[in-house]
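Listed here are the chains, written in short residue letters.
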Amino acid sequence: MSCDQCHEREAVIHLTQIVNEQVTTLHLCERCAAEKGVESPGGVAKTPLGSFLAAMGKGLPEPEPVARAGENCPRCGASLQDFRESGRLGCAECYRAFEVPLRDLLRRLHGSTHHVGERYAERDGAPAEVRVTPADLREQLRLAVETENFELAAELRDRLRVLE
Amino acid sequence: MIDLSLLTDGGVGWLDASGPSSHLVLSTRIRLARNLAGRVFQGRNSETEREDILTTVERAARESVLLRNATKFRLDRLERTDRQLLHERHLVSKELAGLDNDGRVRSGATVLVQDRIGVMLNEEDHLRIQGMHSGFALEAAYAEVDRLDSELGQRLAFAFHPEFGYLTSCPTNVGTGLRASVLIHLPGLVLTKEISKVLQGLAQVGLTFRGLYGEGSEVVGNFFQLSNQTTLGSSEHELLDHLGKMVRQVMDYEEQARQVLLRDAPAIIEDKVWRAYGLLRYARSLSFEEAMNLLSGVRLGVGVGLIPDVGMYTLNKLLVYTQPAHLAVAEGVAPTETDLPIRRARFVRKVLESEVGRRG
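Which chain is which? The protein sequence lines are E and Y, in order. Heads up, the first sequence is in my numbering, so the first residue is 1 and it goes up one at a time. Heads up, the second sequence is in my numbering, so the first residue is 165 and it goes up one at a time.
Derived by calculation from the structure, the hints in this document are not laboratory data. Be a bit skeptical, because a hint or two may be false.
[As the list claims (entries may be wrong)] Below 20 angstroms or equal to it, Euclidean Cα-Cα: the simulated SDA-like pairs (lysine to any residue) are:
1. K409(Y) <-> R88(E)
2. K236(Y) <-> D266(Y)
3. K436(Y) <-> M410(Y)
4. K514(Y) <-> V116(E)
5. K436(Y) <-> V424(Y)
6. K361(Y) <-> H325(Y)
7. K258(Y) <-> G117(E)
8. K361(Y) <-> V384(Y)
9. K481(Y) <-> R280(Y)
10. K258(Y) <-> G87(E)
11. K361(Y) <-> K436(Y)
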């Protein structure tokens, strides 16, 4: 099958989009896909920061939901825009404030969002760590559904079930 | 001028070529990124907060076994040459030493070093716990760093998330916060032009490579730093196992490439390594890059048994001691001096003469 865009190269990426309840499938070659900002599934995070900063928000429909979700981090005042520019988060709380886009990003970067290594044993009376409450999850779930990120929504629903 | 003799082995014990597979692997480095809970990350914190982090962590370090007698260097109070010296010894990152593009040292930038381990403070993360071992020694290096992590973790509250693990300023380090790097010499693969294939293969299995001096540094003298790319979703030991397996495979490829070179072009290889030796031994001016490449040639010659009587330790030392700040300190001049190549050549001749004897 040849590419729908250039009609020259072999199509290797098949992109299904739902726009106004209309299902369309685009068949693209690697180069045209890259130009359109679509990543091939094999090309996960070769240059971590460069590609992920470019990729943040990619695959999320416009208008960017993060703009709504991510006012500023309540702890340090950093915005998602600050993160996009510097590649650095402002504080531990940012991981909660920007959880939706970050979760997506972590999956791209590491292929996972779940730490399975050593666990830090908190001391008695140590400052409280970032804790996710059911209310947080419900808010994230609402956003995920609103932005049609169904994979994330399913994951959030599962986590919510465990918490509740 | 700082006194590096305060450090055991001057902080370069990892150069002594005593570790496993030292003919191919110079060193193994492990670092763990940690942040203190309840404090904003580097980049958004103030000078006062950084001082506070320094005081808090140093207190915990002095109570620990592994850093009780640590030597402390405050990078923000050192001259550029001294900072560069610490960087050339792989004791601090370029960022901590204020040697990257913006050239500024962050206030509170500090390193505590004791034997093979240490901790950088106020780097990209509040703490960067690190350890260097000679040769290919991932588990041994990790075990030591892990012990220090536990010791510090008992006294400090680290930022930890039940799902994401250890939280870091950059999401590329989140989870374990672990970066393991193996500094390996691969002239055989470069000469047989197999190297790009090997490096591509490594990228496909989630590993990455850098130059001699880590992030942002170029590959010189055929030295590659191979390390894990991801830090989340696998345990520390899985990450180390995976890197270890791949490094062993790369070592096999390198050995094979060397055999091919010796089988198909013995005269050319012999000439090449001896020329490198001859130039190092007698040249009157050597640029840094030339010195690195010649050292690579001699190292190959020693590795395949063509050049006897030159120790890997000598070659490793030359690798570090011929760098600008080290030469400047040895010669008592500024590292920017235009006659540095002349001084470098003289230094190399002197070392080879005294450590290799009169043959060659």
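So, going through the hints one by one against the coordinates:
1. K409(Y) <-> R88(E): The given pair, whose Cα atoms are some 31 angstroms apart, is violated under the 20 angstroms limit.
2. K236(Y) <-> D266(Y): Between K236(Y) and D266(Y) the Cα gap is close to 24 angstroms, so the pair fails against 20 angstroms, i.e. violated.
3. K436(Y) <-> M410(Y): 29 angstroms, violated
4. K514(Y) <-> V116(E): Not OK: K514(Y) and V116(E) at ~52 angstroms, beyond 20 angstroms, violated.
5. K436(Y) <-> V424(Y): 15 angstroms, holds
6. K361(Y) <-> H325(Y): 38 angstroms, violated
7. K258(Y) <-> G117(E): 28 angstroms, violated
8. K361(Y) <-> V384(Y): The given pair, whose Cα atoms are some 18 angstroms apart, holds under the 20 angstroms limit.
9. K481(Y) <-> R280(Y): Measuring from Cα to Cα gives roughly 16 angstroms; hence the hint holds.
10. K258(Y) <-> G87(E): Given that 20 angstroms is the threshold and the Cα spacing comes to 18 angstroms, the pair holds.
11. K361(Y) <-> K436(Y): Status violated; Cα separation ~24 angstroms.
In summary, the structure is inconsistent with hints 1, 2, 3, 4, 6, 7, 11 from the numbered list given earlier, while agreeing with the others.
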